[in-house]
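Protein chains: 2
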Amino acid sequence: MQDDDATSFPDVLAANAAYANGFGLGGLAPRAARGLAIVTCMDSRIEPLAMLGLAPGDAKILRNAGARVTEDVLRSLVLASYLLGVDRAMVIAHTNCRMAEGDESDVHDAVRDAGGPDTRSLTFLVSGDQNGTVREDVQRVRSWPYLTGLEVGGFLYDVDSGRITQLC
Amino acid sequence: MQDDDATSFPDVLAANAAYANGFGLGGLAPRAARGLAIVTCMDSRIEPLAMLGLAPGDAKILRNAGARVTEDVLRSLVLASYLLGVDRAMVIAHTNCRMAEGDESDVHDAVRDAGGPDTRSLTFLVSGDQNGTVREDVQRVRSWPYLTGLEVGGFLYDVDSGRITQLC
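Protein sequence lines, in the order shown, are assigned to chains A and B.
Note that our numbering has the first sequence beginning at 64, numbered continuously upward.
Note that our numbering has the second sequence beginning at 64, numbered continuously upward.
Think of the hints as simulated: they come from the structure by calculation, not from any bench.
There may be inaccurate statements among the hints.
Stated by the list, open to error - For each label pair, taking beta carbons as the anchor points, the in silico distance ranges come out as:
id	chain 1	residue 1	chain 2	residue 2	range
1	A	Arg205	B	Gly89	41 to 49 angstroms
2	A	Gly165	B	Thr211	23 to 31 angstroms
3	B	Arg198	A	Ser184	35 to 43 angstroms
4	B	Glu164	A	Ser168	40 to 48 angstroms
5	A	Ser168	B	Pro93	29 to 37 angstroms
6	B	Asp176	A	Trp207	27 to 35 angstroms
7	B	Asp169	A	Asp172	41 to 49 angstroms
8	B	Pro93	A	Asn194	34 to 42 angstroms
9	A	Ala118	B	Asp176	39 to 47 angstroms
10	B	Pro93	A	Ala92	33 to 41 angstroms
11	A	Asp150	B	Pro93	17 to 25 angstroms
12	A	Gly178	B	Glu134	19 to 27 angstroms
For glycine and all other residues, C-beta sits at the position ideal for the given N, C-alpha and C.
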């Protein structure tokens, strides 16, 4: 362990010690009890379980910037589907998402304006048509030949109201 | 909307309507209030916020099969770091993880035994040395030139005790 690591996380590690002392999830099975996988954004305002009435043990949760169906998500969904009890998946984007404002060049500019490096060799998967992108991402899962048994829906979560609307 | 989608998610959509009626997170800012990103597994037994004493609004949460630092995670961390207030990140694997049992061929065999397709053209990122893999993934973040300002630590979460141990 490097000294700088030891000093970067004292608050959350102290909180974890308290969590472990009162731990009540020890008996959960590894399979998703409600047969559900959720693909959503990394956004700090989203509560994937609470917003769907779920509890720990119920669902596999996949999260990245923009709730995009990447190769990483497809890989994970195969494992969830065949080995971990998942038979339905929700792709849930959200309103007021930084990945749905403008286009790739806008985000490259924003990173540079924030003091970051030139990121133009990266692709951030920004979408100027969020609802259309959710439909395309859902179609990507549906048409992926490794996931034939999975029911998939596309949704938008409103961060101001907490309400989820089904798009496809 | 396709009819089959409308019938696959009635339970969770009904629960969301109740969640929205009692919604209390409407005022949250999009930046991570505690400056934290968490990279962890999709596993249904993990509560990323509760296990670290965090609340909605505090952290960006990235999840995939195995808590692996993929291109998707790196892309997301750049956005979190420069645009969303993140200056520290935790990579948190967990005990009893399907992605840390055996090797790639064992998982391909398990998918086939579960009635799935031949997945040998896919890479699941299975690790036979979980602690070593966490250290390598942390090093991958540290050495990525697009993320120079980010403090990163590697951790193991024990699903039986709720306790997190720092590895690096």
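Going through the hints against the structure:
Against the hinted window of 41 to 49 angstroms, the Cβ-Cβ separation of Arg205 (chain A) and Gly89 (chain B) comes to about 33 angstroms, which falls outside the hint. Remark: the range hint 23 to 31 angstroms for Gly165 (chain A) to Thr211 (chain B) is upheld by a beta-carbon distance near 25 angstroms. About 27 angstroms separates the C-beta atoms of Arg198 (chain B) and Ser184 (chain A), a value inconsistent with the hinted range of 35 to 43 angstroms. Checking the proposed 40 to 48 angstroms range against Glu164 (chain B) and Ser168 (chain A) shows it holds: the Cβ atoms sit about 44 angstroms from each other.
Judged by the Cβ atoms, the range 29 to 37 angstroms given for Ser168 (chain A) and Pro93 (chain B) is violated: they are separated by roughly 21 angstroms. About 21 angstroms separates the C-beta atoms of Asp176 (chain B) and Trp207 (chain A), a value inconsistent with the hinted range of 27 to 35 angstroms. Judged by the Cβ atoms, the range 41 to 49 angstroms given for Asp169 (chain B) and Asp172 (chain A) holds: they are separated by roughly 46 angstroms. Distance hint check for Pro93 (chain B) and Asn194 (chain A): the Cβ-Cβ separation is about 20 angstroms, which falls outside the suggested range of 34 to 42 angstroms.
A hinted range of 39 to 47 angstroms for the beta carbons of Ala118 (chain A) and Asp176 (chain B) is inconsistent with their spacing of about 29 angstroms. Between Pro93 (chain B) and Ala92 (chain A) the beta carbons are some 35 angstroms apart, a value that agrees with the proposed interval 33 to 41 angstroms. For Asp150 (chain A) and Pro93 (chain B), the Cβ-Cβ distance of about 33 angstroms falls outside the hinted range of 17 to 25 angstroms, so the restraint is violated. Restraint check, Gly178 (chain A) to Glu134 (chain B): a C-beta distance of roughly 23 angstroms satisfies the suggested window 19 to 27 angstroms.
Violated hints, listed in ascending order, are 1, 3, 5, 6, 8, 9, 11; each of the other numbered hints is respected by the structure.
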